[in-house]
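**Q** What follows is each chain in one-letter form.
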Amino acid sequence: MIPLFAIVRIETPGDSVRLWLPLILVWILLAPFVLILLPFLLVAAAVYGMSPFATLAALGGLLVAFNDVHVEVQSPDANVLVKLY
Amino acid sequence: MSEERRRILGLLSEGRITADEADRLMGALAAPTREFAAAPQTLPNRAKYLRVMVDAQEPGEGPTKVNVRIPMALLRAGAKLGALIPPKARDQVNEALAREGIPFDINQLKPENLEELIEHLGEMTVDVDADQAKVRVFCE
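Protein chains in written order, with the numbering used here: chain A, 31 to 115; chain B, 19 to 158.
Do not rely on the hints blindly, as some may be mistaken.
Unchecked claim - Each pair of labels, with its calculated beta carbon distance range:
(1) A:111 <-> B:135: 28 to 34 Å
(2) A:56 <-> B:21: 27 to 33 Å
(3) B:127 <-> A:41: 27 to 33 Å
(4) B:76 <-> A:90: 39 to 45 Å
(5) A:78 <-> B:135: 55 to 61 Å
(6) B:77 <-> A:78: 38 to 44 Å
(7) A:115 <-> B:45: 29 to 35 Å
(8) B:47 <-> A:60: 55 to 61 Å
(9) A:72 <-> B:138: 33 to 39 Å
(10) B:150 <-> A:48: 26 to 32 Å
(11) A:63 <-> B:77: 46 to 52 Å
Said to hold, decoys possible - EDC-like cross-link-like pairs, simulated, lysine to aspartate or glutamate; straight-line CA separation at most 16 Å:
(12) B:83 <-> B:147
(13) B:83 <-> A:102
(14) B:98 <-> B:141
(15) A:113 <-> A:102
(16) B:66 <-> B:158
(17) A:113 <-> A:45
(18) B:83 <-> B:133
(19) B:66 <-> B:147
(20) B:83 <-> A:98
(21) B:83 <-> A:41
(22) B:66 <-> B:137
(23) B:66 <-> A:98
Claimed, not checked - Over 12 Å on every C-beta distance to chain B, these chain A residues come out as not near it, computed from the model:
(24) 44
(25) 61
(26) 63
(27) 111
In short, the hints are calculated from the structure, not lab data. Everything numeric in this text was worked out from a predicted model, so none of it was measured. Virtual Cβ for every residue (Gly too), placed ideally from N, Cα, C.
Could you build the full structure based on these sequences and the hints that come with them?
**A** And the structure:
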């Protein structure tokens with residue numbers, strides 16, 4: 031399943047930002063653009079000798095694979111956390 | 019009921035084999051099934067994540083910690099996407115790598131090879147313990 035939520039936390043000595051992003055809304059907002067860009071992607075794939083459907087499948091797989099990514103950096107200047115789930 | 023069991027019971031009812039022999043034959047029929055059912059439990063668990071942990075202490079600065087967890091599925095997806103690179107682009111990448119003195123042929127990157135590589139990555143652990151930094155790369 032594609033990541034549906036993201037947690038972004040940026041903490042600096044003077045400031046702190048904590049975001050809980052419902053990515054499902056982002057995907058819904060981006061869906062029309064994907065539909066518009068899809069023919070161009072298919073044509074580009076065909077022009078460069080790539081299988082259009084294999085390309086789409088690989089891109090979809092890449093999107094799905096982002097689920098459960100966790101990146102956390104703690105330094106004296108800032109603490110950053112990005113988590114997709 | 020399977021055909022084999024029916025035949026064993028038929029032989030028993032005809033009196034051609036004894037009850038003990040029928041029992042042994044039934045047991046022999048069931049044995050491969052039991053072994054097959056037990057097999058998945060003995061298989062090693064596949065690694066799900068690649069973990070990178072860095073604990074650094076720069077002189078004059080505070081400690082820096084990095085904790086990254088990448089799903090193995092992301093490596094697989096990247097490998098599949100990489101396998102779709104058109105031949106012309108592959109040649110250009112090879113030329114660029116050769117210019118940088120890296121004798122690597124990207125044409126050898128095939129999904130089946132990468133799958134094997136990722137499988138074996140599960141057994142890998144890299145531990146670097148230096149004065150100012152500790153780096154640990156492992157799979158879990």
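**Q** Hint by hint, note whether the structure agrees.
**A** Now for the hints, and whether the structure bears them out:
{"no.": "1", "hint": "A:111 <-> B:135: 28 to 34 Å", "result": "holds (30 Å)"}
{"no.": "2", "hint": "A:56 <-> B:21: 27 to 33 Å", "result": "violated (57 Å)"}
{"no.": "3", "hint": "B:127 <-> A:41: 27 to 33 Å", "result": "violated (39 Å)"}
{"no.": "4", "hint": "B:76 <-> A:90: 39 to 45 Å", "result": "holds (41 Å)"}
{"no.": "5", "hint": "A:78 <-> B:135: 55 to 61 Å", "result": "violated (26 Å)"}
{"no.": "6", "hint": "B:77 <-> A:78: 38 to 44 Å", "result": "violated (49 Å)"}
{"no.": "7", "hint": "A:115 <-> B:45: 29 to 35 Å", "result": "violated (49 Å)"}
{"no.": "8", "hint": "B:47 <-> A:60: 55 to 61 Å", "result": "holds (57 Å)"}
{"no.": "9", "hint": "A:72 <-> B:138: 33 to 39 Å", "result": "holds (36 Å)"}
{"no.": "10", "hint": "B:150 <-> A:48: 26 to 32 Å", "result": "holds (31 Å)"}
{"no.": "11", "hint": "A:63 <-> B:77: 46 to 52 Å", "result": "holds (48 Å)"}
{"no.": "12", "hint": "B:83 <-> B:147", "result": "holds (14 Å)"}
{"no.": "13", "hint": "B:83 <-> A:102", "result": "holds (8 Å)"}
{"no.": "14", "hint": "B:98 <-> B:141", "result": "violated (22 Å)"}
{"no.": "15", "hint": "A:113 <-> A:102", "result": "holds (8 Å)"}
{"no.": "16", "hint": "B:66 <-> B:158", "result": "holds (6 Å)"}
{"no.": "17", "hint": "A:113 <-> A:45", "result": "violated (20 Å)"}
{"no.": "18", "hint": "B:83 <-> B:133", "result": "violated (30 Å)"}
{"no.": "19", "hint": "B:66 <-> B:147", "result": "violated (25 Å)"}
{"no.": "20", "hint": "B:83 <-> A:98", "result": "violated (20 Å)"}
{"no.": "21", "hint": "B:83 <-> A:41", "result": "holds (14 Å)"}
{"no.": "22", "hint": "B:66 <-> B:137", "result": "holds (10 Å)"}
{"no.": "23", "hint": "B:66 <-> A:98", "result": "holds (10 Å)"}
{"no.": "24", "hint": "44", "result": "holds (16 Å)"}
{"no.": "25", "hint": "61", "result": "holds (20 Å)"}
{"no.": "26", "hint": "63", "result": "holds (20 Å)"}
{"no.": "27", "hint": "111", "result": "violated (9 Å)"}
Hint compliance for this structure: hints 2, 3, 5, 6, 7, 14, 17, 18, 19, 20 and 27 are not met, and every other hint is.
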